[in-house]
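Novice: Below, each chain spelled out in residue letters.
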Amino acid sequence: MSFYGIVDGSESSLKRFLAQLPGVDQVGAEARAAMLATRSIKTTSKRWAIDTAISMVDLTTLEGADTAGKVRALCSKAVRPDPSDTTVPSVGAICVYNDMVAIARTHLDAIGGKHVPVAAVSTAFPSGRASMEVKIQDTQDAIDAGAGEIDMVIDRGAFLSGQYGLVFDEIVKIREVCGERAHLKVIFETGELVTYDNVRKASYLAMLAGADFIKTSTGKVAPAATPPVVLVMLEAVRDFYQMTERRIGVKPAGGIRNTKDAIKQLVLVNETAGPEWLTPEFFRIGASALLNDLLMQRMKMDDGYYASPNYVTID
Amino acid sequence: MTFEYAPAPESRSIVDIKPKYGHFIDGKFVPGKKHFATINPATEEVLSQISLGGQSDVDKAVQAAQKAYTKTWSKLSGKERGKYLYRIARILQERAREFAVLETLDNGKPIRETRDIDIPLVAAHFFYHAGWADKLDYAGLGKSPQPHGVAGQIIPWNFPLLMLAWKVAPALATGNTVVLKPAETTSLTALLFAQVCQQAELPDGVVNIVTGDGSTGAAIVNHPGIHKIAFTGSTDVGKKIARAIAGTSKKATLELGGKGANIVFDDAPLDETVEGIVNGIFFNQGHVCCAGSRLILQEGIADELIEKLKVRMAKIRVGDPLDKNTDLGAINSKEQLLKIQELASAGDAEGAQRWSPACTLSAKGFWFAPTIFTGVTQAHRIAREEIFGPVLSILTFRTPQEAIEKANNTPFGLSAGVWSEKGSRILWATQQLRAGVVWANTFNKFDPTSPFGGYKESGWGREGGKHGLAAYLKEGK
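Chains A and B, in that order, are what the protein sequence lines are. Just so we're aligned: 157 in this note's numbering is position 157 of the first sequence, and the numbers increase by one with no gaps anywhere. Just so we're aligned: 437 in this note's numbering is position 437 of the second sequence, and the numbers increase by one with no gaps anywhere.
Chain A extracted, bound-state conformation (with noise of 0.2 Å):
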């Protein structure tokens, strides 16, 4: 086996590759992060920066509490996010556990949001500590279900474990699950990663491996999608593409709660990976409160003043 011919997927090789790779300097990362998020984004980049993220986030619910009720009531936000408004886009997906997938394809294709994907997370989300065979059926089951997206989780501890065979294999054998019927993100937890190094080899080992995108985090565990970890992907991807001449997308999920945090995102890509990346096909936001606080600075930019939340929807 080759994959796109850098490697032949034996531990051996990919060690080999990962161990090649340019370290990641901390304090020079998080410098640049820090930088970028200096930039100061007014008027119609603003205008414009907030119906891209809009377009960008995975309307997110991932709770022991959700129901059919919230899942619905949830498609109805995606497909329209702001009732009053017909301007305002969808947003990118839906991500939802893997027992809701049917109920939220049902409904959005029910209310007009057959554009909207169904995004499943999977292998044992979050923690990933599951056998192979369950992996594989839980993110059958998802797809069988009308899922076009499967969020998996990797194997923290076999890869702080060095073992990066392992990893790779369950990347492929989900990818191979995917088929054309899904598009695969790999998350790989970084809060657990913890180094930067840790989490362009993670990059690199999904990338190859088949992943149509990198994902930083569950949301169940802090830190999550920090600048500097966003940045090291997007290094990765820009140079992947360099090295493949094939395009993978980047999502940051877990602690992207407001606006400005949110366009720090979209300057990071713009400025790292390149405008190439700034569209959903390409970069997502995986988030659940992020959604109304976009909504309210759109309106404050159309309507000069800020609204009273209650001219949001809470679900």
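Rather than coming from a laboratory, the hints here were simulated on the basis of the structure. If a hint is listed, it holds; no wrong ones were tucked in.
Label pairs and their in silico Cβ distance ranges:
{"id": "1", "chain 1": "A", "residue 1": "N310", "chain 2": "B", "residue 2": "S11", "range": "30 to 38 Å"}
{"id": "2", "chain 1": "B", "residue 1": "W428", "chain 2": "A", "residue 2": "Q26", "range": "19 to 27 Å"}
{"id": "3", "chain 1": "A", "residue 1": "Q26", "chain 2": "B", "residue 2": "K466", "range": "23 to 31 Å"}
{"id": "4", "chain 1": "B", "residue 1": "P9", "chain 2": "A", "residue 2": "Y311", "range": "29 to 37 Å"}
{"id": "5", "chain 1": "A", "residue 1": "G162", "chain 2": "B", "residue 2": "S424", "range": "19 to 27 Å"}
Beta carbons: idealized from backbone N, C-alpha and C, even for Gly.
Use these hints to put chain B onto chain A, whose structure you have.
Specialist: Below, chain B without anything else, positioned relative to chain A:
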């Protein structure tokens, strides 16, 4: 669709520029006789008229400084001097935005830098030296080290207020009084600093500011009432000062030119190295004496790194210095622009390959695109002479020894950088490099606690840190 950043200009309404300025002598603004214009280098707009100080102005300033030294400043305890310095530091912080906007207008550097780097460092220098004022017995200079008296200070245009802070803060902390001349093209923040001295109720004559050109500076250097010279500027002028004070009892610190080597080993963290290279040469339009103006790359990674550098350089935002998103502002003066253009042409003529990203430069004002030269050798002028602009010369090496030899093969010795993920290699390289400051895996980082100064023709003495105090004190018992 592309993400265009709409203009985000910082408002200039916060600054109040008078049509004409005099000198600041003995606590008061006194009118000058002759004047010259100071302009905004980004637009060539005349901002104000600055007084051209002559011998009589310098005489008055030195007399005021002498009087203040004997009557008040040398009589104050270190603790009391420290209080004034703390007060100045706090006022500088309170008025930081005003200083940042004024500095950007007069100098041409981006507001992001004045706001985030220059002015915060200025305040930090005053805070740091305020803390030393009552602890000089512990500076390693014996018991009760004594000030020299009147310090004559001549500062450059690249970091106008920051260089003022580097000079004034230690001088005052150690009990000296000051006659300072800002650079001809950038006097405005020094004159605003004079207002801060008034606001802080600093005793009259402790800080005197005489504006002017090189002749004003020479009058300060040659004045018999000056006991110590502190100069930051070109090596040529530094040599003239050294000749002028030879045979006198005047002490001097000289911070002069540089041609900093930024050495990249093949195990460097490449993305952050690219940031460091950009920061090393394009920070402040390359108007930095310690700029990393010679990039020395290990051959195995040279092509890859240069490609990455070009991609990164295409993202550098050149334009209105007051725009908060600008990365590279205006060249400070027409004279400096001509010098950069002349040296860049020499690079072309000597066969180096020039590259700049596509960027539109304003027709008004003084501008130079960020530029790299590849195929540079030690024999090229652009590898030897200080360009003092956004122009990087790229050389390569094969072995670590060769990198060090090339780095040290210069009459200068102000700064150097080493990029490697291997700690032992960094430690080895920093020991071999003959430069006053060596940065490892970073560049152009400044801190008042760290001494700064040059080897060889890059200068005499150190400024900042405990070492910097020695320049302003005679050893005690």
